[in-house]
Amino acid sequence: MEKGDSSRKRDSGNTNLDPWTKPDRVVTMPNMGDNLNQEQIEAVQTTSGPLLVLAGAGSGKTRVVTFRIANLVKHRVAADRILAVTFTNKAAQEMRQRVLDRLGLKRKSKNAQQPSPVVGTFHSNCVQILRRHCKRLGYPGKFAIYDRSDQESVARDVLRQLRVDSGMLKPGDFLAYISRWKNLGVRPDGASDLARSDSEHVAASGYRRYQQALKLGGAMDFDDLLLLTVDLFEQFPDVLADEQNRFEHILVDEYQDTNQSQYQIIKHLAAIHRNLCVVGDDDQSIYGWRGAEVKHILNFKRDWPEAKVIRLEANYRSTAAILAVANCLIAFNNTRHQKILRAARIGGTEPRVLQFKNEVEEAKGIAQEIQKILNRRERQPGDFAILFRTNEQPRVFETELRKAKIPYVLLGSQSFFDRKEVRDLLSYLKVIDNPRDEVALLRIINLPPRGIGTSTTAQLLDSAVSQGKSVWEVMENDTASKPTPGPAKRGIQTLQSVIAKFSQRAHAGDSLASLVRDLVSEIRFLDDLVRQYPDPEQRSGREASIEEVINAVAEYEADAAKPSLADFLADTMLAGKEFGSPKEKALQSNAVSLMTYHSAKGLEFPIVYMVGMEEGVIPHSRSIIDNPDDVEEERRLCYVGVTRAEDELTLSLPLERMKWGKPRPTFPSRFLYEMTGQAENPNRLKAIVNARREIRRGTKTITK
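Using numbering that gives the first Met the number 0, the letters of the sequence shown correspond one by one to residues 0 to 703.
Worth flagging that the hints you see were computed from the coordinates, not collected in a lab. Hints should not be assumed to be uniformly reliable.
Unchecked claim - Straight-line C-alpha distance at most 25 Å; calculated SDA-like pairs for lysine to any residue:
no., residue 1, residue 2
1, K404, A590
2, K658, N357
3, K141, D629
4, K134, S469
5, K600, A212
6, K134, D192
7, K141, K658
8, K600, D629
Given only the sequences and the hints, what does the whole structure look like? Please build it.
Below is the structure:
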């Protein structure tokens, strides 16, 4: 690369970052077939008692979990007495299929009721527990699950009731406080003790109202699924005993990502038989911002003194040259289990450090390099990933990739389930399943238009609040304080008729796909899209979204042993951004992947570029000021980026970056010095001063 040559010198006063040595021979990983290494065999053959498997990046942990479950069944443990828990629906689906393939079982269907291991996410398993027992807590068995948009609707109502000015506390900030408290296991009566700022005190006062509003609507949010499961276990010993007796063995994947509620749930469930196997890597604990506590995996031996610890240190993903950098970097963290990744692939191209004049030249240089490699037909676009830390970084890379006509996918765009037409149709299904779901009901009460205006809706809401009833109950009893106008009354009756008709079909066990198709026709949903979107091209995409919802219902119905509308809705809410997500599309499309380090977790690419390697970006400015714990998490985040690379790794930084309309000098990330054996960073003090300055200016918050 001409403009991004790694031999460029920094200005005087800065230590130069020398490039690593030239390429060495790359040896491809042998096909393991059914073979396991010695540590993997030991983990698979340990069939009783607590077990901690410290699985380094690329060490084959999913393979170990799969083989271990199969080995338990081989040792006469009933398959349906084994519970395996992970964090994403995609990971759970992959693990379930691999386990069933290993056991020679078919997937569950209406015609095949073979017992098989229970594999799912924390949230999906908690949904099943709550479906069985939540009436003990005063919730209906068919509770709704509110996603972010639903939560914000409730939050706005609560803040209006408290007469809180939007300048004091926004709904999103209010929900962030509540989520943080829930992840810490704090209930409404304890939140005020933790509140420090004025906005936190306001949030604490609204927390109880928020929970009451959810309960009145027969709903829970994602955090409630965990927190209320803990409440069930701690308040009702018989419920805990019933759930403990369901399984003889529990396996938890990605244990380093557990929050306080998840930690308590697992501890309760495994307390009797103590056959608990947790798999994870403290060096990849990067979700502290959403409640994950690395101490859970660090303290496993303290919680389970008789536990066996096995380290999986053989890496089958990256070359030795890349792993040398990763090991050097993560060794600077003080709070970790000691382990060193060993490469199954010897040699490899040494990682490079590239320095550019500014962020535009950085993007241009990397795009040009990718283009040259593609022109030589050595690689496909899908072999490349560009990893970044903050929201604003990908903009210039998108511009340069478009100029070079290189296909790319940017992860982190709108979720499929956030599209308006999808939310509208799902809201109909939610009301059909549970008319008490007030957020869903108010969304579709006049959609398509049926004469129920805002004044009538406000009147229904006021009556519901004054009577302590749901809006649906008020509509059923026609007990509004003022007479409902004729058109609005007819509109309410039409809606009630539609909901009653399709609710009866759902309860009768009719085909769900047929039900949704008929619903779309009955309410003239596609005709309303014509009204809302006159542009045929724009409308076509939205009609395709409706078709995709029906396809999703059909796929769920074909796969489920006992399909129900409630379970389909729970699945879609739990899937969240995983369903039709850009992350999934990135893996399926032949395009360069642009993504954050957090999004890259669990993925791998032949060629990786880690861009913007400067203080204040990574580690982020908000973490480098007197907070060593945050800096350690930032180092783990950088480590995750390094270990995504299979064959080639490039780290780059601009010598200056535009901030507030002016070019300002950058300082190389301390992580670059650590990786290159120059840990005494001469610019650290300058970088800290610079970070404080940027925080005062209001630098944008980091991307998660």
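Subject >> Index of numbered hints that the structure contradicts, given in increasing order >> reply: 3, 5, 6 and 7
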